[in-house]
Amino acid sequence: MGQSSPPALAAGIEEFVFSGEQEPVLAGLDVAFAAGSLTAVLGGSGSGKSTLGRLLAGWLLPGDGGTLTGFLELAGTCLRFIGTAADPRIDPGSWGRQVGFVPQDPAAALSTIRATVAEELAFGLENAGIDRATMAGAVRHTAALTGLTMLLDRDPPTLSGGQLRRLAIGCAVISRPEVLIMDEPFASLDTDGAEDLAALVRNLVQDGTAVVVLSQRADAFLHNADTWLVLAGGTVAAAGSPAEIVAAGALELAGVVCPRPQAGPLPLAEPGFPAVVDGPPALELRDVSFTYRGTQRRGWFRAQPGPPADPVLHGLSLAVSAGEILAVAGPNGAGKSTLLRHLNGLLQPTAGSVLVRGRNIGGQPAGRVAADVGLLFQQPRDQLFERTVEREVRFGLEPGQPAADQAVQQALAAVGLEHLAGRHPAELPASQQRLLALATVLARRPSVLALDEPTVSLDGHGLAALDRVVRSTTAEGTAVVLVTHDLDYARSIAHRLVRIEAGRLLPAD
Amino acid sequence: MRLHPLTSLAAAGSTAVITTAAASWPLSLTVIAAAAGLSVAGGVARRMLPVVAVILAPLVLSLLAMHGLFFPEGTTVLAQWGPARVTVEGLHFALQRAAQLSAAVLVLLLCSFTISVPDLVAALSARGVHARFAFVLASTLTLLPAISSRLGRIRQAQEARGLVIMPGIVGRAGAFRWQAVPLVLSLVEDAGTRSAALQARGFGSTGHRTSYRAVQDSPVQRWVRLVLVLAAVAAIAARLWQPTAGAS
Amino acid sequence: MSSPSLTLPSPATARNRRLLETLGALAIAGTYIYLVLNQPADITGGPGSASALIALSGFLIGAVLLIIGVLPTLPVSTLVLIPVALVLNIVLGQFVGSTLVPFYLDAIGTVLIAVLAGPAAGAATGALSSIVWSFFNPTVLPFAAGAALIGFLAGVAARHGLFRRFYLAPVAGFLAGIIGGVVSAPVAAFVFGGTSGLATGAIVSAFRSMGDTLLAAITKQALISDPMDKAIVFTLVAVLVYALPRRTRLQFPFVRRYRVLAGTAISRPTGGSTGKSTGQDA
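Chains as they are written, first to last, in this note's numbering: chain F, 1 to 509; chain E, 1001 to 1248; chain W, 2001 to 2282.
Hint data in this document are derived by calculation from the structure and do not stem from the laboratory.
All figures in this text were calculated on a predicted structure; none of them were measured in a lab.
There may be inaccurate statements among the hints.
Here are a few chain E residues that face chain W, going by a calculated C-beta distance under 7 Å [to be verified]:
1) Ala1057
2) Val1105
3) Phe1113
4) Ile1115
5) Arg1132
6) Gln1199
Covered stretches of chain E (chain F as the covering partner; in silico rule of three or more C-beta atoms under 8 Å from a C-beta of chain F) [to be verified]:
7) 1009-1016
8) 1024-1037
Here a beta-carbon is modelled for each residue, glycine too, at the ideal position from N, C-alpha and C.
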């Protein structure tokens, strides 16, 4: 070998096909990751980057999970796969000691059988039969590296999202792997969390780990990466340094979101709606207060960690007219989601009232209010339950009516999913699941559209579709309330911006 | 000193076996009283009481109604309404069974309420095959409380898109069909991720394992466990040897 | 620093656990036959504890042997599903048990595993379900063998394609319920001297009022409740399984190998809707 040093991990994938499918998810792909380097694999939702990550990390095993033709090379060992039963079978345990992986949902990576963070970290070492003193040392070292030292005695389910992600990273790096692959590590982290994570990644790279970040957003931190690989349709569409890729303009085509660094606060969008003078506002909150009434659920054995109680609201008053876009911004736990749940009756105010088109919705079941107020949650998977995309959108509409057919078609077309009408919702990539959930709400033509963190998990194409939908529905007179922690996005789309802090509304500065 | 989890398990198990084998009134009542006393002393009585009530109330009521009213074998009739006859033998049988079952249920519940699950898992994990059993036990106990909050989240998300849930049991059962699919789907998907994570962390390997959590044990406790198990076996043997001895 | 080996030896060395499984099945069958043939006269006469002990220990030892035999052979991907199944069993079983319905619905998770991963996994899940559930409710512990049997039968039904046609699932459940009910009846009779629920207890009382022996009355009650219950459970599981996306269903080798579900043949003519999922909605 004439090169300076062999890569820590390399792969040449001619084709990877899931069991029972014919279309390859990955095809014609060559990648190599050098020790002590940072690589970002960028691509839109469904570009195959998660599949690539899991395949490289031994989380998706050739043979059981699908058919691979090509090779994987780790630490000088090269495994060749030709898609037959005689192929080598990866031992996930020993592979995992050298390649760490952090999935998108860090909670799913936990063992669920360890009672403290320290024991969770030690789980992999226990299985390798390492003695207790060595384990204790490794746990201390990893905890210091990932900033978990103060949390070592906590029960894992009680950790916050950012802490869980650091725990999952700690579990992946405690065996000191040469390669660490992380899937969307920056998604849904606030600014502080993202900075902690960036520092952690820098440390790992300095220690000689090859770090691979899979992402659909070209976040600011990723501009420090040595290499960018842009994935589209299961193959590498572009590769090079961040500057080269940005210059070539390959990101937008692949559906990667590129947050533009802002010099200062943007001006708010022009209110392009005619001021409606007559008639009541589409949505009005009159002095709404809410306190959490403790109907404490009892766990059988452990004190139930559960989600924290809903934050309280203090005398909120607010009116949104038809055709207006209102953005509500605020830190986590300020009461954004509590407020949103009042708009359609999922929560009933303890004092004050909520009026939709001048009618008080107090006492009505949320399912009925939903005809007027469409509310979209963050987790699309919870909202979808039908067998096909088309049935999903049709659910709850008058059956057999030509009007229903038309509404379904229009809603699907509005979000750009009409070509996927026959697919199973759960098989769609996350971005398209969110769009589908949006379509199910649109099909009922609500007069108020309430969106919870609409930008999370949407890729570039999804964001464009969301923008189109929000603008076209407001043009037709729908009032839109969106709750977000992304101030730049809020300013780019909203006509009016308010902040919520500790359950009180403040004017945006 | 804290009891080793296997010691309390052995104590509860062998008490339940011996009570069943002895089938004697006084012993059953003594065990019930002792379990109640220990639960108060251990400070778990208030948490245990509703669970005990939920389990034992239907059981005891069902036994009393069944045998108290219908006991064709009974001869000493106390009262009779149509086909229903209250007999001394029937009441005796029902009460005796109720006492015996209550004793076993109370002792086992006391054990599961006082035992430290992480300690039990660590103690079991240290013994080969049990690592997988310990996983099933501990993972179930972790997932159980999470499931009600997950169901609640799904229900809210679906109501928000227009699913009307009628009040009452019929409405909730009808809505359950819609919630079951996302619930099972997300649980199965999470299980797939967890499976990959566990395997990558060496859970599937068959080699030697160690435990990070140290569980206190002592030679005395080891002996006590052995004696308890032997006592249970002896009680079964004695009962099988003399099936009708000690009938009260 | 290359660690031992990155690959596994070609086919996984299948340890011979058949012996334990067979012993477990024999213990359960033997216990049942002994109890039925000997019809211990002392059920309602004496303390009845000898037959209670035989029923308890015979069925429990059988269930434990089954678990010891099957559990180590399951792939991790199946193992992690078992807690999920147990949670479904326990939550539904506890809920339905507290209502006045003479059903149990406490086997949905077990049957789900059996359909996705086969009879052995189903039997182990059934037995584990009772044992873990007894942590909350010790009265279900003696039914471990019956629950294991249901899991096993569901797996056999799935292997022979009874879940391929939607209308066959309740039929399979009905038959499995008859067998399971008959096997569980002695436990209810000898260990509990009745049943643990109010609704099922009322049915037993009705038969007792006609002069049946306790075992006969409970067996008849089981023949009313269990087949209906299992028919409902099998149907619900069929609904659930067909609602799962294809990729999820096909990740289970048992489903692929025995073509457990309709429409899961490996090669399928792809319609026009399988375009690549990116880059088309811009």
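Legend entry - Hint numbers contradicted by this structure: 1, 3, 4, 7, 8
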